[in-house]
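**Student:** Protein chains in written order, with this note's numbering: chain L, 1 to 262; chain S, 1001 to 1268.
Just so you know, these hints were derived from the structure itself, not from any lab. It is possible that part of the hints are untrue.
Derived pair list, reagent style DMTMM-like, types lysine to aspartate or glutamate, alpha-carbon separation capped at 25 Å [said to hold, decoys possible]: (1) S/Lys1261 <-> L/Glu24; (2) L/Lys12 <-> L/Glu138; (3) L/Lys203 <-> S/Asp1053; (4) L/Lys200 <-> S/Glu1055; (5) L/Lys200 <-> S/Glu1138; (6) L/Lys203 <-> S/Glu1055.
Given the structure is predicted, the values throughout are model-derived calculations rather than measurements.
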Amino acid sequence: MRLLSVALTFTKVAVQQQLAYRGEFLGAFINAFAVDTLNAAVSVAVIYAHTDSLRGWSAGELLVVVGLFNVVLGVMGTVMFPSLSRTTEDVYEGTFDYVLMKPVPSLFFASTHYVQVGRFVNSIVGVVLCAFGLFILEAGALTWRVALFPLMLASALAIFYAFVVAMTTLVFWAVRLEGIESMFNVFFRTSRYPVDIYPKWIKGFLTYLFPVAFVSTVPTETLVGRDSGWLIAVGPVIATIAVYGATRFWRLGLRRYSSASS
Amino acid sequence: MSLAARTFSGAISLTKANIAQALHYRLVLVIYALRQIVNPLLYMAVWWAVAGDGEVGGFQRGDVVMYYIVFMIVSHATWAVGYHQWWPLIRLGRLSPHLMRPINPIWVSASGDLASKLTAAAMVSPIWLAMYFIIRPEFPFDWGNAVLFVPALLLAAALAFIVGTCMGLASFWVANTWPFYSIWHNIAFSIGGQVAPIALLPGEIQTIAIGLPFRYTIGFPIEVFIGHLQRDELILGFALQAVWIAVGLTLMTLLWRSGIKRYQAVGV
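Isolated chain L, as found in the complex (with noise of 0.2 Å):
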């Protein structure tokens, strides 16, 4: 409860902070909304004026996994890439430790304390695709599979989380970290579509290895009613894993933090 109050705060303080550049913040916004939104629109519009089915995917169907996708990365955007990126120049200089200092768990601390807001216009971009999709899909036929879906996209945030911590933690090792944001977009943009238009090895790696398959693949296949196998089951058991592996890991990289010189 402290700990959520505490999260609260370092958003309101970001929230105040950028609203201050409104030319800024007003550009963002319009370039999320309306061009992402067009985007996509676009996108979809311009696949499925050539065919039916995308390897067996309708076009409502893949607006909900670009709505998804969006989700996601706004999320991303918003708290886990800005709090932790600070966190590795923190490292560089040596005022990491601040954060050790500070009453609250480091881990916690580094991944929550800076919020950048206005990157969370992605999500509601991805809402209203999600929305506009199921409108398209006339989603009479939810089945029970439906309840899944909340299970399902916390894994997937669970499962990325856990990814970008144990990016930064190589800072502990590699002192300077720069561009590791960018590497990790690069693959995860590969959710925008469902894995099963690469070819299989490829939909193998996106699913165990680099496991996007969880972003948008898995959970609009809850939503929508479509079989997705025991991938439901394995959604939660790699996020479990991925946390618990990803917490050890920021413990081990700790004990290397020797202070200014680090």
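Starting from the known structure of chain L, fit chain S onto it as the hints suggest.
**Tutor:** Same frame as chain L, but now just chain S:
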């Protein structure tokens, strides 16, 4: 030596210096190379799936594959390196020493652009070849189109550089120009030839895409290479490419001249 010759030899020396500099950031190059492959592969996969064993809008499977392989080359040549240099120059006042030099900083930026692309090409061109030899697309190669591809590519690179520079020069007025440039990129993504070849865009959108500048920084050179364009489409394409470059150059000159008047040595 005439002014032009001196400017030119100055630009060559700067390019050499910049090549040395660009080699410092190897990790950046790796990330760049990855992004260069993954994005086009994504849309290659989409259109491969749509085309199936047949064709989509006149594109055989081989055409689709070739389109996105050539896309990698074009997007490398039109990658806006120079844009990022302007913010610190203008906002932090680092432009001042450049103004003392007998060469316009836009030339410095252009040489840096060229140097980065040449060095990075050494890294990414094996990837292009590997892509071609792994997938082995069935594609009727045509020397005529390959020759026309060269000017289309160079003009696209020039236009992309001009756009990037204009966006960068906007730093004279705006604290953060990235949101605006990113709007440009996002539109170019939709109707510039990444999501789909322009020929596959539905009716109205296709007409708009042909008129606007985005296609001339990405899609047009690829279309020239693939060779689906008719004679008059080719002429119209090159003409519009030239028109947009002229518009861009005018705008760039205007921005530079009025921006430099606003500049106050310690930044803006």
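**Student:** Determine for every hint whether it applies to the structure shown.
**Tutor:** Quick rundown of the hints versus the structure:
For a cut-off of 25 Å, the pair hint linking S/Lys1261 to L/Glu24 stands: about 24 Å separates their Cα positions. Taking the CA atoms of L/Lys12 and L/Glu138, the gap is near 38 Å; set against the 25 Å cutoff, the hint is violated. Straight-line distance between C-alpha atoms of L/Lys203 and S/Asp1053 comes to about 20 Å, which keeps the hinted pair within the 25 Å bound. Among the hinted pairs, L/Lys200 with S/Glu1055 is consistent with the structure: their alpha-carbon atoms are about 22 Å apart, no more than 25 Å.
With a C-alpha separation of about 21 Å, the suggested pairing of L/Lys200 with S/Glu1138 holds against the 25 Å cut-off. Our distance criterion of 25 Å between C-alpha atoms is met by L/Lys203 and S/Glu1055, whose separation comes to about 24 Å.
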